[in-house]
Amino acid sequence: MLIPLFASVRILADSIASLPIQLYRRGFGTREPITFVPQLFFQPAARDNLFQWLHKCVVSLALRGNAYGLVTLRDNLDFPIMIEWLNPDEIWVDDSRPTMPVYYWLGNEVPREDIVHIPWVAMPGRVKGLSPVAAFAQTIGVGLAVTDYGKSWYDNGGTPPATMKNSAKTINPQESREIQGRLSAAMRSRKPLVFGSDWDFTALQVSPEESQFIETMKLNATQIAAIWGIPPEMVGGDQGGPLSYSSPEQNMIHLVSVTLRPWLVRLETVFSDLMPGREFVKFNVDAMIRTSLLDRYTAHGMALAQGWRNVDEIRAIEDLPPLPNGQGAGYGSAALPAPAPPNNDNSA
Numbered sequence: 041m042l043i044p045l046f047a048s049v050r051i052l053a054d055s056i057a058s059l060p061i062q063l064y065r066r067g068f069g070t071r072e073p074i075t076f077v078p079q080l081f082f083q084p085a086a087r088d089n090l091f092q093w094l095h096k097c098v099v100s101l102a103l104r105g106n107a108y109g110l111v112t113l114r115d116n117l118d119f120p121i122m123i124e125w126l127n128p129d130e131i132w133v134d135d136s137r138p139t140m141p142v143y144y145w146l147g148n149e150v151p152r153e154d155i156v157h158i159p160w161v162a163m164p165g166r167v168k169g170l171s172p173v174a175a176f177a178q179t180i181g182v183g184l185a186v187t188d189y190g191k192s193w194y195d196n197g198g199t200p201p202a203t204m205k206n207s208a209k210t211i212n213p214q215e216s217r218e219i220q221g222r223l224s225a226a227m228r229s230r231k232p233l234v235f236g237s238d239w240d241f242t243a244l245q246v247s248p249e250e251s252q253f254i255e256t257m258k259l260n261a262t263q264i265a266a267i268w269g270i271p272p273e274m275v276g277g278d279q280g281g282p283l284s285y286s287s288p289e290q291n292m293i294h295l296v297s298v299t300l301r302p303w304l305v306r307l308e309t310v311f312s313d314l315m316p317g318r319e320f321v322k323f324n325v326d327a328m329i330r331t332s333l334l335d336r337y338t339a340h341g342m343a344l345a346q347g348w349r350n351v352d353e354i355r356a357i358e359d360l361p362p363l364p365n366g367q368g369a370g371y372g373s374a375a376l377p378a379p380a381p382p383n384n385d386n387s388a
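In short: position in the sequence shown from 1, add 40, done, that's the numbering used here.
There may be inaccurate statements among the hints.
The calculated EDC-like cross-link candidates involving lysine to aspartate or glutamate, where the alpha carbons are at most 16 Å apart (straight line), are [stated by the list, open to error]:
| hint | residue 1 | residue 2 |
| --- | --- | --- |
| 1 | K322 | E308 |
| 2 | K96 | E130 |
| 3 | K96 | D135 |
| 4 | K96 | E124 |
| 5 | K96 | D129 |
| 6 | K322 | E72 |
Ranges between beta-carbon positions, derived for each pair [stated by the list, open to error]:
| hint | residue 1 | residue 2 | range |
| --- | --- | --- | --- |
| 7 | R71 | P361 | 33 to 41 Å |
| 8 | D278 | L117 | 23 to 31 Å |
| 9 | F119 | T338 | 38 to 46 Å |
| 10 | R114 | P361 | 34 to 42 Å |
| 11 | I357 | G317 | 22 to 30 Å |
| 12 | G370 | G276 | 24 to 32 Å |
| 13 | G347 | L117 | 34 to 42 Å |
| 14 | Q214 | D154 | 42 to 50 Å |
The set of hints was computed from the structure by calculation and includes no laboratory data.
Idealized CB from N, CA, C, for every residue including glycine.
Working from the sequences, and respecting the hints, build out all of it.
Set out below in structure tokens:
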């Protein structure tokens with residue numbers, strides 16, 4: 041059942057990466073739009089535009105439950121302006137002290153301040169997140185009779201894949217973490233690990249039951265869609281029955297509010313923490329919800345009449361330039377009347 045799994049991840053990544061990002065500054069009970077866009081939100085990585093960058097982040101979250109970014113460039117105030125998303129299989133996290141996690145990339149420790157870590161779902165007392173499939177497996181694990189899907193299997197990638205023993209000396213905790221990080225990163229990336237003498241490596245086999253979770257559960261498209269919160273009919277599953285909506289607009293509102301919103305809040309929270317002062321980040325979900333022409337114009341008329349949008353703001357929504365000479369800048373009764381149409385009668 042890899043097709044609905046792929047479709048679920050694709051819908052999440054494509055939908056979120058295609059949303060416009062808007063920046064604001066908090067005031068006293070208000071928020072002001074920021075017109076200046078920092079580099080992080082138009083050229084966030086050396087080879088990625090914003091769409092590609094967001095897409096990689098969401099794919100990493102959806103498949104591995106974690107997105108790990110390496111800060112590669114900062115501005116003169118030390119705020120990140122370029123972040124490269126790393127392969128999550130090359131990262132090992134020592135979260136034995138959750139308030140002070142240690143990150144290793146390909147076995148090398150990376151300063152905590154240079155890592156941007158977004159977990160999907162993390163268990164209490166842990167830093168590393170669970171993937172949607174792992175979280176689902178752990179949730180139902182207590183009731184499974186076929187096998188015991190323990191917490192460590194899904195949280196840490198399975199039973200310990202190996203033990204290492206140094207027969208020549210006793211190593212300290214720091215050395216132990218470094219060796220553990222190198223070993224974990226090498227095994228996840230399927231690359232050979234080279235180390236010196238006096239080390240014994242013992243591989244431990246994983247039971248077939250634990251490595252065949254999806255096959256054992258025989259999950260169908262509807263169940264796989266439920267793991268990611270995707271409407272099942274979008275990935276080949278069953279229709280939602282009485283919960284199905286009659287219009288594309290209602291379906292899209294449901295997708296945004298139920299499926300995308302939790303993912304967006306995770307990203308908005310982390311991205312806002314990377315901004316200075318009272319600045320924060322929001323995704324413009326209205327860009328996904330396109331109503332009919334009549335409904336849209338009716339809503340614009342209500343906004344104008346009640347004074348909470350002006351003509352220029354509405355024209356911007358419709359991708360039109362502002363009216364000349366500030367004619368569209370007023371609100372409510374302060375709005376200037378529309379200019380009279382040109383008089384083409386030359387008979388006088």
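Here is how each hint holds up against the structure:
1. Of the supplied pair hints, the one linking K322 and E308 holds, its CA atoms being roughly 6 Å apart against a limit of 16 Å.
2. For the proposed pair K96 and E130, the alpha carbon gap of about 15 Å is at most 16 Å, so the pair holds.
3. Among the hinted pairs, K96 with D135 is inconsistent with the structure: their alpha-carbon atoms are about 24 Å apart, more than 16 Å.
4. Simply put, K96 and E124 have alpha-carbon atoms about 10 Å apart, close enough for the 16 Å limit, and the pair holds.
5. Distance restraint check for K96 and D129: the Cα-Cα separation of roughly 14 Å lies within the 16 Å cut-off, and the hinted pair is therefore satisfied.
6. Between K322 and E72 the alpha-carbon distance is near 12 Å, which keeps this suggested pair within the 16 Å criterion.
7. Range check, R71 to P361: Cβ separation about 24 Å, and the 33 to 41 Å hint is violated.
8. Restraint check, D278 to L117: a C-beta distance of roughly 52 Å breaks the suggested window 23 to 31 Å.
9. Checked against the given bound of 38 to 46 Å, the beta carbons of F119 and T338, roughly 43 Å apart, stay inside it.
10. At roughly 36 Å, the beta-carbon separation of R114 and P361 lies within the given 34 to 42 Å, and the hint holds.
11. Restraint check, I357 to G317: a C-beta distance of roughly 28 Å satisfies the suggested window 22 to 30 Å.
12. At roughly 51 Å, the beta-carbon separation of G370 and G276 lies outside the given 24 to 32 Å, and the hint is violated.
13. The hinted range of 34 to 42 Å is satisfied by G347 and L117, whose Cβ atoms lie roughly 38 Å apart.
14. A hinted range of 42 to 50 Å is violated for the C-beta pair Q214 and D154, which are about 19 Å apart.
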